[in-house]
Amino acid sequence: MQPTQQVSIPDVIQQIPLNYYLIFSTALFVIGIIGVLTRRNAIIIFMSIELMLNAVNMLLVAFSSYKSDSTGQVFVFFIMAVAAAEVSVGLAIIVMIYRNTRSIDIGALNKLKW
Amino acid sequence: MPICVSTYAVFDCMTPELLCILIPLLPLLGFIINGLGFRKVPASLVGPLAVAGPVLSFLAVLSLFSNFRAGGNQPLKATLFDWISVADLHINFAFQIDQLSLIMLLIVTGIGSLIHLYSIGYMKHDEGYGKFMAFLNLFLFFMLLLVMGSNFVIMFIGWEGVGLCSYLLIGFWNTNTSYNNAARKAFVMNRIGDLGFLLGIFLIFTTFGSVEYTEVFSAATGFAVGDKTVLAIALLLFVGAMGKSAQIPLFTWLPDAMAGPTPVSALIHAATMVTAGIYMVVRSNVLYTLAPQALEIMGGIAIATALLGATIGLMQNDIKKVLAYSTVSQLGYMFLGLSVAAYTGGMFHVLTHAFFKALLFLGAGSVIHAMSNEQDIRNMGGLRKYLPITFWTFLIGTIAIAGIPPFAGFFSKDEILAHVWEHNKLLWGLGILGSAMTSFYMFRLLFLTFFGEFRGTPEQKHHLHESPLSMTIPLMVLAVLSVVGGFLNVPHALGGHSMLAEFMAPLYEGSQQVNPSAFEGPTMGSSEELMLMAISAGVALLAAGVAYGMYVRSATVPAADSVPRSIPAQVVYNKFYIDEFYERLIVRPVRALGDGFYSFGEFVIDGVVGAVSWLVKTIAGQLRLVQNGSIGSYMFAMVLSIALIIALRFFVNWTTILAYLNF
Numbered sequence: 001m002q003p004t005q006q007v008s009i010p011d012v013i014q015q016i017p018l019n020y021y022l023i024f025s026t027a028l029f030v031i032g033i034i035g036v037l038t039r040r041n042a043i044i045i046f047m048s049i050e051l052m053l054n055a056v057n058m059l060l061v062a063f064s065s066y067k068s069d070s071t072g073q074v075f076v077f078f079i080m081a082v083a084a085a086e087v088s089v090g091l092a093i094i095v096m097i098y099r100n101t102r103s104i105d106i107g108a109l110n111k112l113k114w
Numbered sequence: 001m002p003i004c005v006s007t008y009a010v011f012d013c014m015t016p017e018l019l020c021i022l023i024p025l026l027p028l029l030g031f032i033i034n035g036l037g038f039r040k041v042p043a044s045l046v047g048p049l050a051v052a053g054p055v056l057s058f059l060a061v062l063s064l065f066s067n068f069r070a071g072g073n074q075p076l077k078a079t080l081f082d083w084i085s086v087a088d089l090h091i092n093f094a095f096q097i098d099q100l101s102l103i104m105l106l107i108v109t110g111i112g113s114l115i116h117l118y119s120i121g122y123m124k125h126d127e128g129y130g131k132f133m134a135f136l137n138l139f140l141f142f143m144l145l146l147v148m149g150s151n152f153v154i155m156f157i158g159w160e161g162v163g164l165c166s167y168l169l170i171g172f173w174n175t176n177t178s179y180n181n182a183a184r185k186a187f188v189m190n191r192i193g194d195l196g197f198l199l200g201i202f203l204i205f206t207t208f209g210s211v212e213y214t215e216v217f218s219a220a221t222g223f224a225v226g227d228k229t230v231l232a233i234a235l236l237l238f239v240g241a242m243g244k245s246a247q248i249p250l251f252t253w254l255p256d257a258m259a260g261p262t263p264v265s266a267l268i269h270a271a272t273m274v275t276a277g278i279y280m281v282v283r284s285n286v287l288y289t290l291a292p293q294a295l296e297i298m299g300g301i302a303i304a305t306a307l308l309g310a311t312i313g314l315m316q317n318d319i320k321k322v323l324a325y326s327t328v329s330q331l332g333y334m335f336l337g338l339s340v341a342a343y344t345g346g347m348f349h350v351l352t353h354a355f356f357k358a359l360l361f362l363g364a365g366s367v368i369h370a371m372s373n374e375q376d377i378r379n380m381g382g383l384r385k386y387l388p389i390t391f392w393t394f395l396i397g398t399i400a401i402a403g404i405p406p407f408a409g410f411f412s413k414d415e416i417l418a419h420v421w422e423h424n425k426l427l428w429g430l431g432i433l434g435s436a437m438t439s440f441y442m443f444r445l446l447f448l449t450f451f452g453e454f455r456g457t458p459e460q461k462h463h464l465h466e467s468p469l470s471m472t473i474p475l476m477v478l479a480v481l482s483v484v485g486g487f488l489n490v491p492h493a494l495g496g497h498s499m500l501a502e503f504m505a506p507l508y509e510g511s512q513q514v515n516p517s518a519f520e521g522p523t524m525g526s527s528e529e530l531m532l533m534a535i536s537a538g539v540a541l542l543a544a545g546v547a548y549g550m551y552v553r554s555a556t557v558p559a560a561d562s563v564p565r566s567i568p569a570q571v572v573y574n575k576f577y578i579d580e581f582y583e584r585l586i587v588r589p590v591r592a593l594g595d596g597f598y599s600f601g602e603f604v605i606d607g608v609v610g611a612v613s614w615l616v617k618t619i620a621g622q623l624r625l626v627q628n629g630s631i632g633s634y635m636f637a638m639v640l641s642i643a644l645i646i647a648l649r650f651f652v653n654w655t656t657i658l659a660y661l662n663f
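Protein chains in written order, with my numbering: chain A, 1 to 114; chain B, 1 to 663.
Certain hints may be false.
Some residues of chain B that are not near chain A, with every Cβ distance over 12 Å (derived) [as the list claims (entries may be wrong)]:
hint, residue
1, Phe576
2, Asn628
3, Gly629
4, Ile631
5, Phe636
6, Ala643
What follows is a list of derived Cβ distance ranges for each label pair [claimed, not checked]:
hint, chain 1, residue 1, chain 2, residue 2, range
7, A, Ala85, B, Ser613, 38 to 46 Å
8, B, Ala637, A, Ile43, 16 to 24 Å
9, A, Phe24, B, Phe636, 52 to 60 Å
10, B, Arg184, A, Lys111, 53 to 61 Å
11, A, Arg99, B, Asn628, 54 to 62 Å
12, A, Glu50, B, Phe650, 21 to 29 Å
13, A, Phe24, B, Ser633, 29 to 37 Å
Far from chain B by the CB rule (all over 10 Å, computed), these chain A residues [stated by the list, open to error]:
hint, residue
14, Ala27
15, Leu28
16, Gly107
17, Asn110
Quick caveat, the hints were computed from the structure, so don't treat them as lab data. For each residue, glycine too, the CB sits at the ideal point set by N, CA and C.
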């Protein structure tokens, strides 16, 4: 990058082709799904969910920048705020689960059925 | 007594309108206090509270009556409030006080008071004493509405109300199934009549545009005699009267109604409620005078009822059943009188019948009380020695109903029969036959109950006692009335002035206007009238003599039920199998129809509903297994579903598919 050339952030983003973002996001998202489906530790599942959320965020920012439309970035801020709230609630639930069952294995919580 | 006098003085100061409101209100208050406070009002207070209402009402009626006489017999109308006002329909809640309603008011409150007093003695030891008195008060309230109302709709309220009270009181001892059945029977049969009455009211409204008596009857005077609409109205109203006043074919409820306590039989099923039909016909006399065909039909039904009731009465062995069939028969006589336009005669018989039939029922109640609830006269006999007051009063009642001069029944029955004679000689002959039978079965009842040797068990004999004063005072008062009641309307042939007829004459002005020929004075001479009287009195005495010969001289006692009877006797003893006939002809088909509908509902409708709920339940039972509590599987399902949605959204070409399906 030339120091004389003032480059804006969208330009930086646009220096990488859009396909790369797509592939990267999809990879992150799939990793998240696999994590959710295969892991039994509640915290890891939680982290996987966050991974999926952020994969989507990444895509939104990329598209927004390529299309020069700020709506996508506004969306990302919203998602971050809501995700933060969701994480606090979710972690609180996990803490309570741990206090009650002395474990954060989701298999221990199978009493809630028919 | 001094209380009564001072209360009367208070009533005398009131305006007639206020009195009109008080008259039905006082028994209603009694009902509310005793009814709501049942089991809470102390037993010693129940009686006085219940009797106070009717007695005060009676005093108010007396005051109203003297006002009425003093005011020159001017009809009075007291409007309480505007009740129903819809489009063309305006119904005031108003009371009409005229000659007819005053006579009925005097009967209802006067005899009602006596019977309330009697009930204190009769029902004191019953568990439902307070409830009983409350129902009696309620009955009186509705009966007063019935006779005081100034239009057909208020009459209908009273009509239904007394039917309800009749139902409640017949089935008063409601632990006994057969009593409950009797109550239901009375209610259902009355409903059949009520339907006719209701249709009659509708037709009156569509024809005359009002249901107010004064307006309807003055409008009716513009119709010609024999008008078809008026005929239909008269017949429909008569169907109502048939139900309430126990005429063929709706009479079988009345004998069964004897299941109720005896004061009920006396008040409701002898003196007041069952005469409501006669009251209605007399009230609508203009309509009936306009419809001679309706009167013809009424006459046929009336004489048939009178004879049928009397015939069945000849062989009954239950003391109350005899009186019940006698009531049916006497009601037939009243309608017979009405059917020949002898409206005063009919009302006169209502009046005297109220005296002596209430007396007879109360006397029977006194006997039943003494006999520890025994009602079969075959197990009585010789009670004269043990129940002297009851015996003497019962004797007076018997003479009065048998039509032996100079007691009350003689005058009223003869007035009816004299009018019938002018109208139709055959009807008169049948009427005399019925009157002979009346005399026979009543003296048979008297002799079997009070004469000869006692035929009951030793325990019953030991228990025999005269009833308390609260029961014998009404008997004595009614006995006096049964003796002198007839003098209210002594015919001219016997040197009287026909006071009642003169008093009631203004009621028939409309009738006279529309059909003067029906009201021409007696065409027969005094000697002819005297001869008729002599015949009917002679026949009654003869029948009494025959009864004396059979049941006192030869001391015959009716055979036990198990003894075989000759076929005619068997038929009469079993009340002509009318109940069985109705059972076959109406009750069973209706029940079969009901059973059919019931099965339809039970199997078809319930089947469909049941199948749907079974299906939902079964599917849900399988589906809920999916909720297995394993979070992993939930998440797997979630991911799979999202994948499916995405696949359907992006990889399926819906446009092609929809086009292919021709959407």
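Checked hints:
Listed as a non-interface residue, Phe576/B keeps its Cβ farther than 12 Å from every Cβ of chain A; the least gap is roughly 70 Å. A cut-off of 12 Å between C-beta atoms contradicts the statement that Asn628/B is not in contact with chain A; the least separation is 5 Å. With a cut of 12 Å on Cβ distances, Gly629/B falls inside the contact zone with chain A, its closest approach being about 3 Å. Not every C-beta of chain A lies more than 12 Å from that of Ile631/B, the closest at about 4 Å, which undercuts listing it as non-interface.
At the 12 Å boundary, the C-beta of Phe636/B falls inside the reach of chain A, the nearest C-beta of that chain being 6 Å off. Remark: the non-interface label on Ala643/B conflicts with the geometry, its nearest Cβ contact in chain A lying 9 Å away (cut-off 12 Å). Against the hinted window of 38 to 46 Å, the Cβ-Cβ separation of Ala85/A and Ser613/B comes to about 43 Å, which satisfies the hint. Roughly 22 Å separates the CB atoms of Ala637/B and Ile43/A, a value that falls within the hinted 16 to 24 Å.
In this structure the hint that Phe24/A and Phe636/B lie 52 to 60 Å apart at CB is violated, the actual value being about 25 Å. At roughly 58 Å, the beta-carbon separation of Arg184/B and Lys111/A lies within the given 53 to 61 Å, and the hint holds. The hint said 54 to 62 Å for the Cβ distance between Arg99/A and Asn628/B, and at roughly 25 Å that hint is violated. The given range of 21 to 29 Å is respected by Glu50/A and Phe650/B, whose C-beta atoms sit roughly 25 Å from each other.
Separated by about 30 Å at the C-beta atoms, Phe24/A and Ser633/B satisfy the suggested range of 29 to 37 Å. Residue placement check: Ala27/A keeps its beta carbon more than 10 Å from all beta carbons of chain B (closest about 16 Å). Remark: the non-interface label on Leu28/A is consistent with the geometry, its nearest Cβ contact in chain B lying 15 Å away (cut-off 10 Å). Listed as outside the interface, Gly107/A is inconsistent with that label: its C-beta sits roughly 7 Å from the nearest C-beta of chain B, within the 10 Å cut-off.
With 10 Å as the threshold on Cβ separation, the claim that Asn110/A sits away from chain B is violated: the shortest Cβ distance comes to roughly 4 Å.
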